[in-house]
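Chains as they are written, first to last, in UniProt numbering: chain A, 1 to 476; chain B, 1 to 476.
Hints were generated in silico from the structure; no laboratory data involved.
Take the hints with a grain of salt, since some may be wrong.
If chains are identical, the list can't say which one is meant, so a pair holds when it fits in one copy or spans any two.
[What the hints assert, rightly or not] As a list, the in silico EDC-like pairs of lysine to aspartate or glutamate whose alpha-carbon atoms are at most 16 Å apart:
{"hint": "1", "residue 1": "198", "residue 2": "142"}
{"hint": "2", "residue 1": "407", "residue 2": "467"}
{"hint": "3", "residue 1": "410", "residue 2": "18"}
{"hint": "4", "residue 1": "294", "residue 2": "44"}
{"hint": "5", "residue 1": "460", "residue 2": "265"}
{"hint": "6", "residue 1": "460", "residue 2": "258"}
Small disclaimer: the values here were computed from a predicted structure and weren't measured.
Protein chains: 2
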Amino acid sequence: MTKNNEQLSLEVAALTRETKELGIPIMIVFEGVPASGKTRLSNELLLTLDAKYTRFIPTKSPTEDDLRYQFLQKYWNSLPARGDINIYFRSWYAYFIEYQENKIKNSIYNKYHVLKRQIQNFESMIKDDGYEIIKFYIEISDKKRKAHLKEMKENPLTNWKAQEYESAIADDVYHKEMHKILKDAPKDEWKIIDYTEKDEAIKSMNQHIITRLKSAIQLHKETKKVSDGNFSDNFKSELLNQSIEKINNKTYKSLIGELQSRLKELQFALYERKIPLILVYEGMDAAGKGGNIKRVREKLDPTGYEVNAISAPTDVELTHHYLWRFAKDMPRSGHVEIFDRSWYGRVLVERVEGFATKDEWSRAYQEINQFEKMWTDEGAIVLKFFLTLDKDEQLKRFKEREETPEKQWKITDEDWRNREKWDLYIEASHDMIEKTNTDYAPWHIVPADNKKSARIEVLKYIIKKCEEALWGVKQY
Amino acid sequence: MTKNNEQLSLEVAALTRETKELGIPIMIVFEGVPASGKTRLSNELLLTLDAKYTRFIPTKSPTEDDLRYQFLQKYWNSLPARGDINIYFRSWYAYFIEYQENKIKNSIYNKYHVLKRQIQNFESMIKDDGYEIIKFYIEISDKKRKAHLKEMKENPLTNWKAQEYESAIADDVYHKEMHKILKDAPKDEWKIIDYTEKDEAIKSMNQHIITRLKSAIQLHKETKKVSDGNFSDNFKSELLNQSIEKINNKTYKSLIGELQSRLKELQFALYERKIPLILVYEGMDAAGKGGNIKRVREKLDPTGYEVNAISAPTDVELTHHYLWRFAKDMPRSGHVEIFDRSWYGRVLVERVEGFATKDEWSRAYQEINQFEKMWTDEGAIVLKFFLTLDKDEQLKRFKEREETPEKQWKITDEDWRNREKWDLYIEASHDMIEKTNTDYAPWHIVPADNKKSARIEVLKYIIKKCEEALWGVKQY
Chain A
1 MTKNNEQLSL EVAALTRETK ELGIPIMIVF EGVPASGKTR LSNELLLTLD AKYTRFIPTK
61 SPTEDDLRYQ FLQKYWNSLP ARGDINIYFR SWYAYFIEYQ ENKIKNSIYN KYHVLKRQIQ
121 NFESMIKDDG YEIIKFYIEI SDKKRKAHLK EMKENPLTNW KAQEYESAIA DDVYHKEMHK
181 ILKDAPKDEW KIIDYTEKDE AIKSMNQHII TRLKSAIQLH KETKKVSDGN FSDNFKSELL
241 NQSIEKINNK TYKSLIGELQ SRLKELQFAL YERKIPLILV YEGMDAAGKG GNIKRVREKL
301 DPTGYEVNAI SAPTDVELTH HYLWRFAKDM PRSGHVEIFD RSWYGRVLVE RVEGFATKDE
361 WSRAYQEINQ FEKMWTDEGA IVLKFFLTLD KDEQLKRFKE REETPEKQWK ITDEDWRNRE
421 KWDLYIEASH DMIEKTNTDY APWHIVPADN KKSARIEVLK YIIKKCEEAL WGVKQY
Chain B
1 MTKNNEQLSL EVAALTRETK ELGIPIMIVF EGVPASGKTR LSNELLLTLD AKYTRFIPTK
61 SPTEDDLRYQ FLQKYWNSLP ARGDINIYFR SWYAYFIEYQ ENKIKNSIYN KYHVLKRQIQ
121 NFESMIKDDG YEIIKFYIEI SDKKRKAHLK EMKENPLTNW KAQEYESAIA DDVYHKEMHK
181 ILKDAPKDEW KIIDYTEKDE AIKSMNQHII TRLKSAIQLH KETKKVSDGN FSDNFKSELL
241 NQSIEKINNK TYKSLIGELQ SRLKELQFAL YERKIPLILV YEGMDAAGKG GNIKRVREKL
301 DPTGYEVNAI SAPTDVELTH HYLWRFAKDM PRSGHVEIFD RSWYGRVLVE RVEGFATKDE
361 WSRAYQEINQ FEKMWTDEGA IVLKFFLTLD KDEQLKRFKE REETPEKQWK ITDEDWRNRE
421 KWDLYIEASH DMIEKTNTDY APWHIVPADN KKSARIEVLK YIIKKCEEAL WGVKQY
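Using the sequences and the accompanying hints, generate a full structural model.
Structure below.
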């Protein structure tokens, strides 16, 4: 028997070297009541795997800091890179039960289904991206469990740990809730392991992992990667072809400072009410995103906002789910995060340039909607601006940049290359707005042929939406 | 005047594009009593800089979680990458004053000089690596300051912020302590700015930044990068040429389990006493580091330890100070962190292969000593193992790996290439041990010709050192 487990361990180790090679990220979840044997079982697995790409992630009760972020924030942050393995010692499921039972953020999560949907969406997003999630629920006979707890209590050096177990959620609550989850889950989603016989348990764990890794490897090899922007030949869209009334200088000067001061006041009000504000900017090159953002932030308190200007992903970012790098930077409660370009790159530049496969960018619309909902579910305000520009106006601005010494750094060959693909970008933008213009995170199209008018327009819109969220009736 | 400040801002922006290009990391510190104008001044600077590579980092009072890490941990974590700019809104100096005044971790920091030395070492380490640190202290006339505070209090939307100011360290304490720091600092280290006249203050800030950036750029261009391992031709060392008595199988089997159980008990005791344990493994290829680590961790509770197996740095890691990626992974209080290879790579592989310049690896000995002291200063146990192997024994193990199917993945061309440089590695190892064998973080040389003996030796040594730290008199 022992020999057999040794062979199984070697097989698990060999398979994980293969998943590493192929870049398949693995997440292995251990749930189970305290003293059920999940420590010993997960440690057994941990010892088998290569420490170079294995992480052990224990789920603790949410800290005060955790509570200032979105429910799944810490699981986003610690997502494994391609080829890496995370072992979760209790997971988002235990976390979920704790939120429910301790009525954490009760005002937001007054309905069971919100967090449950978040978990479902989280898992489906990462599974779609090739992540393999293996879930174990560990059980043990009551007799053995009590014996083990007693032993811990009697040893002065481990007594505190037994106490810690008891100060967490009551075992029977956890047990009851987990059994609800197990019952509702699709068949075969969870592997239940009885730890009463240790060797049998290890064997069962290893066999299950082997089966799952083999099928993940098989699936990975069969998946064809097709890059195809799939653009229609004669796309025409008027949606992005609007214009805005030109504002005169005097009105602009008197309005801009007033609006900025109001926004600063609202920043403080959002902070006090712990409402995060997420502003997303997309739009054509040279539409004036930077200048627009500058006017929005100009009077804000810098300790409470951040601008995230998105460039090409680093190699570390490329080895994660594409939403990972944005999830990591989502604001704390009461803070403002401004994205100068964003996760929408997936369905814009990545689609047009073929950096994402058709399958990837096609499913991204739904992923993005689910992603944004995770934050609005918890009270965040998400506002998205698309700054549009006439093609001739863009040419004029490009040339002006080239001719003005202190603006030359702003214009690169890439801008000219993008311009050649103008129509493709328009079509991709159009699809994006149509498919991600949700009630809870709407797009606001801002004609930016006149920069000053566009700035006033954006400021007014942000103020209106913040006031609604703070004091108005309109809530999603 | 306004025009002038606009030109200065443009110059600052242009210079930071140059430091970005050259890869010079910039850290700009703003200290000053509340309502002195540092918010407005730092925001003015922030608006000038490119959000793509600028981060604004406000220092808050230490949270419970912060206190579980080393004093400067959060500043290590947020170190800018090469070419990036961090603006610190209050910094490690305010943090230092708060630690002092609120008697945080008083048992450890009973002497003023410990934290002060940590700050000095931190700054000198990163300056040596080409980081430019620019420090401002903002002052304002008392009259203007009080007027500003009053205004904040009267506005219901900003009243809470005025209150927050007052709940922090008393202004006069902060003021008194900062003036001590300013007085003790070398001339020109801090730029003091009076904010009473806003435009003058902005001008003074911009001018100072321009001067400092210019000199940093100049210095960067003058610095020659020389890679030279500087090895003596006839190096011979007996230090690493020891052997260990072979243990018999029966003794090994009875001892190993007993020692592992004891170490597990000690893990719990360290946890309760909040003492972090840091184990560093270095040594020749095939010396059995992995197997040795496996025996150390075998019975430990996986929620309380981590193994950090060091591979080649990622591109993100390469753009930071070389100690950054290790600092980030240092353990919380009461946790165990095992490094399978470590920061010593700087003076081993990086020296031998020429990845670090002579200047870089030469100063690394002192940097490493200072780095380790930062953790032992706060009560961490740092133990370092060097596993040695006879050259013939290594050959035997390499060949065995090649001939055993399930071990083949362990042997690569790189191992053979390293072997060709055996003598250089020996000399580098020898220098390393001589120069970093400190009282507070000693090396333990472990002859590993016999793997089982080496495992017993390491376990015994760890147990002895933990017992000493927990209950013994020997403390550093």
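Hint by hint, here is what the structure shows:
no. : hint      : verdict
1   : 198 x 142 : within (15 Å within a copy, 72 Å between copies)
2   : 407 x 467 : neither (37 Å within a copy, 65 Å between copies)
3   : 410 x 18  : between (44 Å within a copy, 14 Å between copies)
4   : 294 x 44  : between (54 Å within a copy, 11 Å between copies)
5   : 460 x 265 : within (14 Å within a copy, 62 Å between copies)
6   : 460 x 258 : within (10 Å within a copy, 71 Å between copies)
When the structure is compared with the earlier hints, a violation turns up for hint 2 alone.
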